[in-house]
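Participant: Sequence:
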Amino acid sequence: MNDGGTTVSLVLGSGGARGHAHIGVIQELEAQGLEIRSIAGSSMGALIGGIHAAGKLQDYVDWVLPLRWRDVLRLVDWTISGGGFIKGDRIIGVLRELVGDVAIEELAIPYTAVAVDLDAQREVWFSSGPLFDAVRASIAIPTVFRPHAYQGRLLLDGGLLNPLPVSPTLRDLTDVTIAVDVNGVAEPLVGGGAAAPEGQDERDVRAVADEAGCRPSKRTWLSRLARADAASAANAPGTIELFARTLDVVQETITRLKLAAQPPDLLITIPRNACAFWEFERAGELIALGRERTREALARWSPPRAGISPR
Numbered sequence: 008m009n010d011g012g013t014t015v016s017l018v019l020g021s022g023g024a025r026g027h028a029h030i031g032v033i034q035e036l037e038a039q040g041l042e043i044r045s046i047a048g049s050s051m052g053a054l055i056g057g058i059h060a061a062g063k064l065q066d067y068v069d070w071v072l073p074l075r076w077r078d079v080l081r082l083v084d085w086t087i088s089g090g091g092f093i094k095g096d097r098i099i100g101v102l103r104e105l106v107g108d109v110a111i112e113e114l115a116i117p118y119t120a121v122a123v124d125l126d127a128q129r130e131v132w133f134s135s136g137p138l139f140d141a142v143r144a145s146i147a148i149p150t151v152f153r154p155h156a157y158q159g160r161l162l163l164d165g166g167l168l169n170p171l172p173v174s175p176t177l178r179d180l181t182d183v184t185i186a187v188d189v190n191g192v193a194e195p196l197v198g199g200g201a202a203a204p205e206g207q208d209e210r211d212v213r214a215v216a217d218e219a220g221c222r223p224s225k226r227t228w229l230s231r232l233a234r235a236d237a238a239s240a241a242n243a244p245g246t247i248e249l250f251a252r253t254l255d256v257v258q259e260t261i262t263r264l265k266l267a268a269q270p271p272d273l274l275i276t277i278p279r280n281a282c283a284f285w286e287f288e289r290a291g292e293l294i295a296l297g298r299e300r301t302r303e304a305l306a307r308w309s310p311p312r313a314g315i316s317p318r
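In the numbering used here, the protein residues as written are 8 to 318.
Where hints are given, some of them may not hold.
As the list claims (entries may be wrong) - Pair ranges (Cβ atoms, derived):
| hint | residue 1 | residue 2 | range |
| --- | --- | --- | --- |
| 1 | Thr246 | Arg77 | 17 to 23 Å |
| 2 | Ala127 | Ile87 | 23 to 29 Å |
| 3 | Glu194 | Pro137 | 18 to 24 Å |
| 4 | Ser309 | Arg77 | 43 to 49 Å |
| 5 | Gly291 | Gly12 | 19 to 25 Å |
| 6 | Ala295 | Glu42 | 19 to 25 Å |
In short, the hints are calculated from the structure, not lab data.
This one's a predicted model, so the numbers in the text were calculated from it and none came from an experiment.
Note that the Cβ used here is the ideal one computed from N, Cα and C, for glycine as well.
Start from the sequences and build out the full structure, keeping to the hints where you can.
Facilitator: Given below as structure tokens:
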């Protein structure tokens, strides 16, 4: 499709585990000769974008592909205080070990992560400072992760106000802006992850809680939450699913408004029912879907001539 040399500002949206599709998008863009010159992201988009900007995306892929449900649970440091169910220190520690403790200014690709200042009720753009402070702030989904305290601010998930942050790229001197929305309209999908056997979620939660040395009261609370969600799945959304679907509705609405005001040159869409936001064990499927949807979008698209910025 590409004649080579087209430079890209890449915008990666929020969406939990669906954000693994961003990896496939990046792989396909580079395979077709497009050059990513800047990245802006919210939430999981900030995480994947930051890792790619640090030159460690393949290392992350090698780490995430073998993960299964119980492996994901082991990365969760549960808590019932501090404004979220998950502290977030454990997963950030693993990522920091994988990528290195780098500053945004040192990244090979200019990068912006978007978070939200809870008290000021406005966006915060990280384009300097420690990478993993930016990532930790941008992934702080309310009630799921504790808010991230940084330089006197209490920061939350960037997807709350800007799920698909095109605005940080408006200053870029690139040929095109390509945005990846992983909260697209639901559609019929072939395949999909197999459901866990009845009671398996509860057994996994209880087993991992035991391994982590959780107090009996916390083990009981976690297993009851898993059991309640499993029991209600056939009739009505459980607690976790209801929260996820509510978040999807809010982010999809905000995304439509943002795109109407600041449309990218190309929009790549991943349907919101591709997976639930917590299904991180399905990374391989999402990466493949990201490549497929990118290939299809590029085949239909005629980019401007390289070196001619539309802005």
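Participant: Hint by hint, work out which the structure violates, then give me just those numbers in ascending order.
Facilitator: Hint check: 3 and 5 fail, others pass.
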